[in-house]
Amino acid sequence: MSEVVVISPATSEYNCIAWAANEDFRWWWPIPEKLYYWPENTPREETLEAFVKAFETLGYVACDNDNVEHGFEKVAIYVDKSGKPKHAAKQLRNGKWTSKLGNYIDVEHELNCLREYVLNIDKTEDYGTVAVILKRELDET
Amino acid sequence: MNIAQEIEIFEKAETFSYGVSTEAQSAIEAMLDWEEHYYFPESRQSIEELFYRLAINWKNDVKLKSSATEIILNSFYQRIIGMGPVALPMILRELKREPDHWFWALQSISGENPVRPQDRGRLTEMSKAWLKWGKEKGYLYDIDV
Numbered sequence: 001m002s003e004v005v006v007i008s009p010a011t012s013e014y015n016c017i018a019w020a021a022n023e024d025f026r027w028w029w030p031i032p033e034k035l036y037y038w039p040e041n042t043p044r045e046e047t048l049e050a051f052v053k054a055f056e057t058l059g060y061v062a063c064d065n066d067n068v069e070h071g072f073e074k075v076a077i078y079v080d081k082s083g084k085p086k087h088a089a090k091q092l093r094n095g096k097w098t099s100k101l102g103n104y105i106d107v108e109h110e111l112n113c114l115r116e117y118v119l120n121i122d123k124t125e126d127y128g129t130v131a132v133i134l135k136r137e138l139d140e141t
Numbered sequence: 001m002n003i004a005q006e007i008e009i010f011e012k013a014e015t016f017s018y019g020v021s022t023e024a025q026s027a028i029e030a031m032l033d034w035e036e037h038y039y040f041p042e043s044r045q046s047i048e049e050l051f052y053r054l055a056i057n058w059k060n061d062v063k064l065k066s067s068a069t070e071i072i073l074n075s076f077y078q079r080i081i082g083m084g085p086v087a088l089p090m091i092l093r094e095l096k097r098e099p100d101h102w103f104w105a106l107q108s109i110s111g112e113n114p115v116r117p118q119d120r121g122r123l124t125e126m127s128k129a130w131l132k133w134g135k136e137k138g139y140l141y142d143i144d145v
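Protein sequences, first through last, are from chains X and U.
In terms of this note's numbering, the first sequence has 131 at position 131, counting the first letter as 1, and numbering is strictly consecutive.
In terms of this note's numbering, the second sequence has 94 at position 94, counting the first letter as 1, and numbering is strictly consecutive.
Check the hints yourself; a few may be wrong.
Stated by the list, open to error - Computed footprint of chain U on chain X, listed as stretches where at least three residues anywhere in the stretch have a Cβ under 8 Å from a Cβ of chain U:
1) 15-24
2) 27-37
3) 98-108
4) 117-123
By construction, these hints were calculated from the structure, which means they are not laboratory data.
All C-beta atoms in this analysis are idealised placements derived from N, C-alpha and C, irrespective of residue type, glycine included.
Given the sequences, and given the hints that come with them, work out the whole structure.
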């Protein structure tokens, strides 16, 4: 298994979607009861389309590869076997990816090794596989 | 069962988890589950013991989950909601100790939601709003919030 590096202690202040969206102070999730943050005018439903639209509100667009591209940042959305979103990660400039694991820690990892890492911690927790890569221009200001 | 006993059972389960097949692991978990229910049946537990047992199991189950839906639909969490208003003071004390995803349980049981729209998802701010609510309703009469 590729190396996974813990980069911050456990906290419940934010989740993986927030972390991928460059936030570390709130939870993003589209439950209809509006308990948690979800971008305005974005469907509050657990579909890949709704998650893509949420990131589109931040300027992300579809991307056909997970390579490092100068001047761009990327996020990946993971789905389970039924296509329901389970997780999101964001790319670091070194080409690795970073993820917040639920209420737990932040880690740095290869894009496709996270599932195995999490299953080794909890055999019932399946983060699924990458369904979509999105990218946006880096704000260098 | 008290918290120390709960932790002991989890530690036993953790210890037994390594180097065994999935089938053996399932058998061990079933045995531990049987042992727990044999020695500590819910009928002999106080409301507090039942609440904290469910809360510990819930926290353990959802540690790695980012899906708020899965966190609040967890069976242990749903059983806490099923305890009704008697659970409110204990939930609020847990929230005072550590912000966590108790908001749906509080809203389901009380029918209220004191969290401002701009604080949705901010666990610390949501906790403060609910603790203030709990104080005003008399659920936290003996502690400062």
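Status of the hints after comparison with the structure:
no.: 1; hint: 15-24; result: holds (count 4)
no.: 2; hint: 27-37; result: holds (count 9)
no.: 3; hint: 98-108; result: holds (count 5)
no.: 4; hint: 117-123; result: holds (count 4)
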